[in-house]
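Could you build the full structure based on these sequences and the hints that come with them?
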Amino acid sequence: MKNISIPTPSAPVVIVGGGPVGLALACDLGRRKVPVLLLEQREDCTESAKVVVVGVRTMEFCRQLALAEEIHNWGFPHDHGLDSVFVTSLDGYELGRVKTPRLREGFSSRFSPERELPCPQTWFDPILKRHAASLPGVELRYQNRVEWLEQDDDGVTVGVTDISTGRQYSLRTRYVIGCDGYSSTVRSLLGISMRGHPHLDVSVSVYVRI
Numbered sequence: 001m002k003n004i005s006i007p008t009p010s011a012p013v014v015i016v017g018g019g020p021v022g023l024a025l026a027c028d029l030g031r032r033k034v035p036v037l038l039l040e041q042r043e044d045c046t047e048s049a050k051v052v053v054v055g056v057r058t059m060e061f062c063r064q065l066a067l068a069e070e071i072h073n074w075g076f077p078h079d080h081g082l083d084s085v086f087v088t089s090l091d092g093y094e095l096g097r098v099k100t101p102r103l104r105e106g107f108s109s110r111f112s113p114e115r116e117l118p119c120p121q122t123w124f125d126p127i128l129k130r131h132a133a134s135l136p137g138v139e140l141r142y143q144n145r146v147e148w149l150e151q152d153d154d155g156v157t158v159g160v161t162d163i164s165t166g167r168q169y170s171l172r173t174r175y176v177i178g179c180d181g182y183s184s185t186v187r188s189l190l191g192i193s194m195r196g197h198p199h200l201d202v203s204v205s206v207y208v209r210i
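Residue numbers for the sequence shown, in full-length UniProt numbering: 1 to 210.
Hints listed in this document are in silico derivations from the structure and should not be mistaken for laboratory results.
A few of these clues could be false.
[Unchecked claim] FRET-style restraints, in silico, Cβ to Cβ: (1) PRO113 - ASP44: 30 to 38 Å; (2) TRP74 - GLU105: 17 to 25 Å; (3) SER89 - ASP152: 57 to 65 Å; (4) ASP152 - VAL204: 41 to 49 Å; (5) GLU147 - LYS99: 16 to 24 Å; (6) SER193 - ASP152: 22 to 30 Å; (7) SER84 - ASP44: 27 to 35 Å; (8) PRO12 - ASP83: 42 to 50 Å.
[What the hints assert, rightly or not] The calculated lysine to any residue pairs, modelled on SDA-like cross-linking and capped at a C-alpha distance of 20 Å, are: (9) LYS33 - ALA66; (10) LYS33 - ARG104; (11) LYS50 - VAL21; (12) LYS50 - GLY181; (13) LYS50 - PHE76; (14) LYS50 - ARG209; (15) LYS50 - LEU200; (16) LYS50 - ALA11; (17) LYS99 - VAL51; (18) LYS99 - VAL85; (19) LYS33 - LEU82; (20) LYS33 - VAL53; (21) LYS99 - LEU82; (22) LYS33 - ASN73; (23) LYS50 - ASN73; (24) LYS33 - GLY137.
Glycine included, every Cβ here is placed at the ideal spot set by N, Cα and C.
Now the structure itself:
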């Protein structure tokens, strides 16, 4: 056992990772009245240019959380073009185009009540965070990094470092859920390896004001 403070009771579920997956899970469990503690090692902000659109299935899930309208109206101009254009350079030749109706043109589908919507993660994550934080029994702790896990017959002890203060502490929980992405600490601590090629491609997302 690690030489730190005595474990104290915690929520029955600990979510590791405060990106869209972890926050969405906290929202879903919270609305089902399951107490949740979410641990995220980053600060409480998303500054990188991630995610171009929120997909249809994700929007259906957000509809269940009553968040679809807020995502639809987060601030993207409804008359702005949504086509995906493939070019040789920013001022070069157009090679192809995938046409997507503007938001103001409406939407109708016999397959889903929702459509994919432009909402970069910089805006999408805060919407999920506000909703999760508003639910009773949901606690969000940022700048808290999981260091180790120890499982026994009654649950899991989680070792955590509060990055802002350097304090180390441990807590007890029934379940730990890893939502911490490709370089998952939880997966690594469990000894679960990746299969296949670790990096299939490298891409860069940039917001440009023209």
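Status of the hints after comparison with the structure:
no., hint, in the structure
1, PRO113 - ASP44: 30 to 38 Å, "holds (32 Å)"
2, TRP74 - GLU105: 17 to 25 Å, "holds (18 Å)"
3, SER89 - ASP152: 57 to 65 Å, "holds (59 Å)"
4, ASP152 - VAL204: 41 to 49 Å, "holds (44 Å)"
5, GLU147 - LYS99: 16 to 24 Å, "violated (49 Å)"
6, SER193 - ASP152: 22 to 30 Å, "holds (24 Å)"
7, SER84 - ASP44: 27 to 35 Å, "holds (32 Å)"
8, PRO12 - ASP83: 42 to 50 Å, "holds (47 Å)"
9, LYS33 - ALA66, "holds (16 Å)"
10, LYS33 - ARG104, "violated (37 Å)"
11, LYS50 - VAL21, "holds (14 Å)"
12, LYS50 - GLY181, "holds (13 Å)"
13, LYS50 - PHE76, "holds (16 Å)"
14, LYS50 - ARG209, "holds (16 Å)"
15, LYS50 - LEU200, "holds (17 Å)"
16, LYS50 - ALA11, "violated (30 Å)"
17, LYS99 - VAL51, "holds (19 Å)"
18, LYS99 - VAL85, "holds (9 Å)"
19, LYS33 - LEU82, "violated (38 Å)"
20, LYS33 - VAL53, "violated (30 Å)"
21, LYS99 - LEU82, "holds (7 Å)"
22, LYS33 - ASN73, "violated (28 Å)"
23, LYS50 - ASN73, "holds (19 Å)"
24, LYS33 - GLY137, "holds (7 Å)"
Hints 5, 10, 16, 19, 20 and 22, counting from the list given before, are not met by this structure.
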